[in-house]
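Can you build the whole structure from these sequences, using the hints too?
Protein sequence lines, in the order shown, are assigned to chains A and B. So for the first sequence, this note's numbering puts the first residue at 1; every next one is plus one. So for the second sequence, this note's numbering puts the first residue at 1001; every next one is plus one.
Among the clues, some could well be false.
[Said to hold, decoys possible] Once the Cα atoms are required to be at most 20 angstroms apart in a straight line, the calculated SDA-like pairs of lysine to any residue come out as:
no.	chain 1	residue 1	chain 2	residue 2
1	B	LYS1100	A	ALA41
2	B	LYS1100	A	ASP98
3	B	LYS1100	A	ARG48
4	B	LYS1100	A	SER101
5	B	LYS1100	A	GLN104
[Claimed, not checked] Covered stretches of chain B (chain A as the covering partner; in silico rule of three or more C-beta atoms under 8 angstroms from a C-beta of chain A):
no.	segment
6	1085–1099
7	1108–1117
8	1120–1132
[As the list claims (entries may be wrong)] Footprint (simulated), chain B over chain A, 3 or more residues, beta carbon under 8 angstroms:
no.	segment
9	80–86
10	105–114
FYI, nobody ran anything at the bench for these hints, they're computed from the structure. Given the structure is predicted, the values throughout are model-derived calculations rather than measurements. Glycine included, each C-beta is placed from N, C-alpha and C at the ideal position.
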Amino acid sequence: MNRVIFITLGVLLLAGCASRPTAPESELGAARSALTSAEDAGAVANAREAYQSAREHLERAERARTAEEFVLSRRLAVEATAKARLAAVSARANQTVDLISELQMSNDELRAEIQAATEAMTEGDIQ
Amino acid sequence: MTTAEKFLKTGAITVLVLVFLGACATTPQSNSTLSQAEQRIESLADNSRLNRLAASELREAQDQLLKAQEALADGAESAEVSHQARVAMTLADIALEAAKISDADSQVQRLRNERDQLRLEARAARAELRAFEERMRAEQADLARAQAEAARLAEAAERSQAELQRERALAQQREAELMRQQAEARQDQAERQARQAEEGRMLAEQRAAELERQTQQMREEADQLQQQLVDLQAQATDRGLVLTLGSDVLFDVNQDVVKEGAERTLDRIANFLNEYPERRVLIEGFTDSTGERDYNMALSMRRATSVRDQLTGRDVDPSRIQTRGYGPDYAVASNDSAAGRQLNRRVEVVISDDDQAVPDR
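Put into structure tokens, the structure is as follows:
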């Protein structure tokens, strides 16, 4: 009995620690796709830090895959995907913030124009 | 091998075994990255704003955190737990960014609405300003026109003023001219009156001269008459001038109608009497003594009356004349001779020296 438990544990241990993982092709593909999406979202310019980080993770994942460190490669690929998603979202956020300031400037200009017109008419009236 | 070496070797193996056990053992240990992730995501979960704006992203991060925690609980190796925790933190970052986007999107929407409104307002303001500027230009044009008009009127007024002054000057000139003409006219009239007066004077002088001449003439005529009376053989007596006219010259025998041959003598007497209208006349008829006395008395009277009628026929006033018939009385010569009788047959015309009647004999 005691022996059976020991073997079972040993098998479980082997399965957990010493299983033979395969190359994380699907995670790597997802990471590449996410990076492309981030680029499309303008992350290269608008979320440089996150994009760079995603890109480094992907490169490292690919290097790990080449080294057949598949577990590391998978983790790096998943992190690269998350970073790429963050880069895309950040890019969108930054673009939106830029749009806000653009809109604010534009609205300020319009307000200034309205103000100027009103003042011109007021001054003209005073004349 | 020394005891120490033996101890070291045993220790190393123990550590290795421990590490191995730690990694693969089910007893969960703490993981600093996971703790960091837990702290981070719990604080985000407490943020109601984030819950509202990025609910699904937050849930995803929480699910991932759960996975990391499960991995730790399952006794997964530390690298795996840290990896899951990092992914969870990245998802938390994504949730933050998503919230930022959501927030920004609503802000963008608000700003866009605001921009649309402002564009409408600006368009209205521009239109209003254009209209206003148009109106101002029109007003300025009006003002300029009004100013030009005012200037024109002022100029016209000035011109009128100048015109008026010129007219006044002209009127004064005319008035002066008129006064001068009136003065001239008065002078002319005065001259004309003077001329008329002169003419009147000359006429008066002429008349005076004429009268003088007439007077002279009359005087001459009177002298002439006197002379004629002298010619008529008038004799001055106490009673006046006596003219004796022979009856034979005046009348036919026994007649009392004056003969035509006596006209001249009667003309002279009448002229004289008319020349001296104040003098009076007594006409006396005489006969010779031949024939009846009564007849002779009547005849002498008729002859005296006849002479008177001749004189009145020559414009001598009858009231000035008296007549007498004395017949043969007051003979001037002897009736014995024919010559004497002729002298006695006579009419005597006595003319007074003054305006008193001639006294009878």
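Self-check item: 8 angstroms C-beta criterion, at least three residues: is the segment 1120–1132 of chain B covered by chain A
Solution: It holds: at least three residues are needed, and the segment 1120–1132 of chain B offers 7 whose Cβ sits within less than 8 angstroms of chain A.
Quiz item: Do at least three Cβ atoms from the segment 1085–1099 of chain B come closer than 8 angstroms to Cβ atoms of chain A?
Solution: With 8 residues in contact (Cβ-Cβ under 8 angstroms with chain A), the coverage given for the segment 1085–1099 of chain B holds.
Exercise. Check, residue by residue, whether the segment 105–114 of chain A contains three or more positions whose beta-carbon lies closer than 8 angstroms to a beta-carbon of chain B, and give the verdict.
Key: As far as the segment 105–114 of chain A goes, the hint holds, because 6 residues have Cβ atoms under 8 angstroms from chain B.
Quiz item: Are there three or more residues in the segment 80–86 of chain A whose C-beta lies closer than 8 angstroms to some C-beta of chain B?
Solution: Three-residue rule met by the segment 80–86 of chain A, so holds; n is 4.
Exercise. Starting from LYS1100(B), check that the Cα of ALA41(A) is at most 20 angstroms away, please.
Key: Holds, because 16 angstroms separates the two Cα atoms, which is no more than 20 angstroms.
Practice problem: For the pair supplied as a hint, LYS1100(B) and ARG48(A), confirm whether the alpha-carbon distance does not exceed 20 angstroms. | Solution: 17 angstroms, holds
Quiz item: Residue count check for the segment 1108–1117 of chain B against chain A: does it reach three with CB-CB under 8 angstroms?
Solution: holds (count 5)
Quiz item: Given the proposed pairing of LYS1100(B) with SER101(A), does the C-alpha separation stay at or below 20 angstroms?
Solution: 14 angstroms, holds
Practice problem: Take the C-alpha atoms of LYS1100(B) and GLN104(A), compute the straight-line distance between them, and say whether it is at most 20 angstroms. | Solution: 17 angstroms, holds
Self-check item: Restraint status (C-alpha distance of LYS1100(B) to ASP98(A) at most 20 angstroms)
Solution: Status holds; Cα separation ~12 angstroms.
In this structure, none of the earlier numbered hints is contradicted; all agree with it.
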